[in-house]
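*Asks:* Okay, here's what each chain looks like letter by letter:
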Amino acid sequence: MSAETTEANCSKTRNPFTGVEADAVSVRVDGLSKKFGDLAVLRNISFDVKPGEIFVIMGPSGSGKSVLLRHIAGLEAPTSGTVAVDGLDPTLEETRDRVRLALVFQEGALFNSLSVYDNLALYPREHRSGNEMAISERVMHALKILSVEKSANQFPSELSGGMKKRVSIARALVMEPQLLLYDEPTSELDPVMGATISEIIATLKNEYSVTSIVVTHDRDLALTISNRVGILMAGKLISLGTPGELRKSQEPRIVDFLNPKIDIEHPRFKQLETPENP
Amino acid sequence: MKQINAVLEGAGSMVMLLLRAGSYAGSLPRQWARFVEQCYLIGYTTLPIVTILSFFIGTVLALEAGYSMEGFGAKEFIGSLVGLSMARELGPMMTSVLLAGRVGSAITAELASMKVYHEVDALTTMNIPPAKILVLPRLAAVLVMMPVLIVFANIVGWFGGSVVARYVSSVGISSESYFAALRHYTKFKDVMNGMAKAEVFGFVVVLVCCNIGLNTRGGPREIGAAVTRAVVTSLILILILDYFVTKLLM
Ligand SMILES: Nc1ncnc2c1ncn2[C@@H]1O[C@H](COP(=O)(O)OP(=O)(O)O)[C@@H](O)[C@H]1O
Ligand SMILES: [Mg+2]
Numbered sequence: 427m428s429a430e431t432t433e434a435n436c437s438k439t440r441n442p443f444t445g446v447e448a449d450a451v452s453v454r455v456d457g458l459s460k461k462f463g464d465l466a467v468l469r470n471i472s473f474d475v476k477p478g479e480i481f482v483i484m485g486p487s488g489s490g491k492s493v494l495l496r497h498i499a500g501l502e503a504p505t506s507g508t509v510a511v512d513g514l515d516p517t518l519e520e521t522r523d524r525v526r527l528a529l530v531f532q533e534g535a536l537f538n539s540l541s542v543y544d545n546l547a548l549y550p551r552e553h554r555s556g557n558e559m560a561i562s563e564r565v566m567h568a569l570k571i572l573s574v575e576k577s578a579n580q581f582p583s584e585l586s587g588g589m590k591k592r593v594s595i596a597r598a599l600v601m602e603p604q605l606l607l608y609d610e611p612t613s614e615l616d617p618v619m620g621a622t623i624s625e626i627i628a629t630l631k632n633e634y635s636v637t638s639i640v641v642t643h644d645r646d647l648a649l650t651i652s653n654r655v656g657i658l659m660a661g662k663l664i665s666l667g668t669p670g671e672l673r674k675s676q677e678p679r680i681v682d683f684l685n686p687k688i689d690i691e692h693p694r695f696k697q698l699e700t701p702e703n704p
Numbered sequence: 007m008k009q010i011n012a013v014l015e016g017a018g019s020m021v022m023l024l025l026r027a028g029s030y031a032g033s034l035p036r037q038w039a040r041f042v043e044q045c046y047l048i049g050y051t052t053l054p055i056v057t058i059l060s061f062f063i064g065t066v067l068a069l070e071a072g073y074s075m076e077g078f079g080a081k082e083f084i085g086s087l088v089g090l091s092m093a094r095e096l097g098p099m100m101t102s103v104l105l106a107g108r109v110g111s112a113i114t115a116e117l118a119s120m121k122v123y124h125e126v127d128a129l130t131t132m133n134i135p136p137a138k139i140l141v142l143p144r145l146a147a148v149l150v151m152m153p154v155l156i157v158f159a160n161i162v163g164w165f166g167g168s169v170v171a172r173y174v175s176s177v178g179i180s181s182e183s184y185f186a187a188l189r190h191y192t193k194f195k196d197v198m199n200g201m202a203k204a205e206v207f208g209f210v211v212v213l214v215c216c217n218i219g220l221n222t223r224g225g226p227r228e229i230g231a232a233v234t235r236a237v238v239t240s241l242i243l244i245l246i247l248d249y250f251v252t253k254l255l256m
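Line order of the protein sequences matches chains W and V. Take 427 as the starting number for the first sequence in this note's numbering and just add one per residue. Take 7 as the starting number for the second sequence in this note's numbering and just add one per residue.
Covered stretches of chain W, going by a simulated chain V footprint (3 or more residues, C-beta under 8 Å):
| id | region |
| --- | --- |
| 1 | 490-501 |
| 2 | 535-543 |
| 3 | 549-558 |
Hints listed in this document are in silico derivations from the structure and should not be mistaken for laboratory results. We put the CB at the ideal spot given by N, CA and C, even for glycine.
From just these sequences and the hints, can you work out the full model?
*Replies:* Take a look at the structure:
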């Protein structure tokens with residue numbers, strides 16, 4: 427695959443709906459640590475995401491991936507270290523005025539009191555981008571891309587988990603973001619839909635140079651479309667490199683994480699530390 | 007010490023929320039639909055219970071007045087007592103208590119669940135300030151609907167008193183003398199006085215309930231705890247503010 431060798435080459439993001447151009451956005455995470463009370467969730471994480479890059483974050487559940495994304499989205503403030511989106515502090519309102527950033531939440535976070543259609547239309551309506559006709563076109567286009575256009579008039583509580591996820595991705599697309607953060611976008615989807623999501627992420631990069639940061643357990647997505655992959659374990663970034671480098675890695679934790687062997691003779695759960703077996 | 011801190015923190019965040027919501031006041035015309043929806047929820051759906059409650063407050067006031075004034079042979083003044091206490095105190099107070107229980111709890115439950123299920127975070131990342139679309143329309147709606155509820159509460163309460171005055175044999179005065187006394191002693195100023203109180207109480211109830219809802223942390227269990235806290239805080243604040251506002255308006 428060529429994706430891993432393709433450098434982020436375009437410097438402008440083009441709005442997929444209106445064609446308007448803006449500068450592509452970079453992300454810099456520098457010495458980021460986060461504690462919730464006494465619990466250290468992120469420990470001294472540093473990495474850079476170039477404009478128009480697809481950056482994948484993998485790691486076991488509970489390793490702090492969602493918390494890391496929330497920092498980049500400006501929803502959490504670091505205990506120490508800094509996060510910069512396009513050079514700006516993402517927790518500030520001025521930054522949100524400047525940079526269009528969308529986060530696809532792990533659980534969807536759809537507005538329960540609004541229909542699927544209104545969930546998508548809220549952003550363009552509030553920011554007065556276009557008349558109701560233009561908005562409707564954009565919303566239906568995004569729903570169609572994710573094959574959920576038939577659910578436009580349903581409410582989130584009437585949707586399955588995978589449909590919520592797709593609506594939530596569609597909602598992010600309608601925002602025409604410069605920076606798109608995905609929290610496990612393919613986790614509840616069938617393999618074909620998963621491949622579709624990978625194609626959407628790659629297309630947004632190639633045609634519109636949208637910067638994407640994708641938290642995922644989906645190895646195909648990570649190894650085919652990404653430019654770089656970071657692996658997070660227990661709040662530490664233990665590896666950072668291209669998919670090619672990752673595949674060649676000899677580090678046992680990474681080998682085991684990417685290709686876990688099912689070993690019935692020596693099951694993992696029996697190797698857990700116990701009082702007699704520390 | 008911890009409690010004092012929590013109270014100060016709560017008061018501080020309430021003021022911050024008010025300032026933030028206020029800073030978007032200019033967006034209100036564009037939020038017409040949300041404002042109307044909140045007027046409906048705060049005003050219209052509260053009306054039946056306000057009506058029932060006010061009627062019975064009026065009747066009890068008339069009964070008690072009849073009982074205590076009989077000794078002075080001053081039963082003709084029942085109307086003045088019902089009129090004044092309803093307009094100046096019980097109308098605003100009881101309507102606000104109902105507002106806290108009925109509307110305030112619903113506001114906190116809704117906003118707390120939006121917070122817990124990351125809907126509020128989603129709004130933030132979309133650069134749509136929660137104070138603007140979740141808080142401002144509710145604050146504006148309560149300011150508009152409170153006077154309506156109070157006018158209703160007063161009229162129904164006064165009427166309730168007149169029913170008792172006329173038909174309960176231990177009281178037994180004519181509707182004419184009841185309303186004559188009511189009209190003579192209950193001035194427009196008294197009604198406005200009660201209205202001002204109600205505006206303050208209602209506004210504070212909605213602000214407190216929004217603030218506690220938006221500051222909910224943790225999982226679904228916290229939603230219930232937040233609702234309880236919001237209603238209790240509202241009731242305490244109504245009682246404390248009642249003294250100070252009454253004193254201020256004297
Ligand atoms: N708001 C919070 N308060 C306290 N602990 C939290 C909070 N959010 C996440 N955590 C803890 O941080 C750790 C990492 O969580 P998360 O980032 O959601 O993991 P994942 O990698 O599966 O997305 C977990 O141990 C979780 O319990
Ligand atoms: Mg997660």
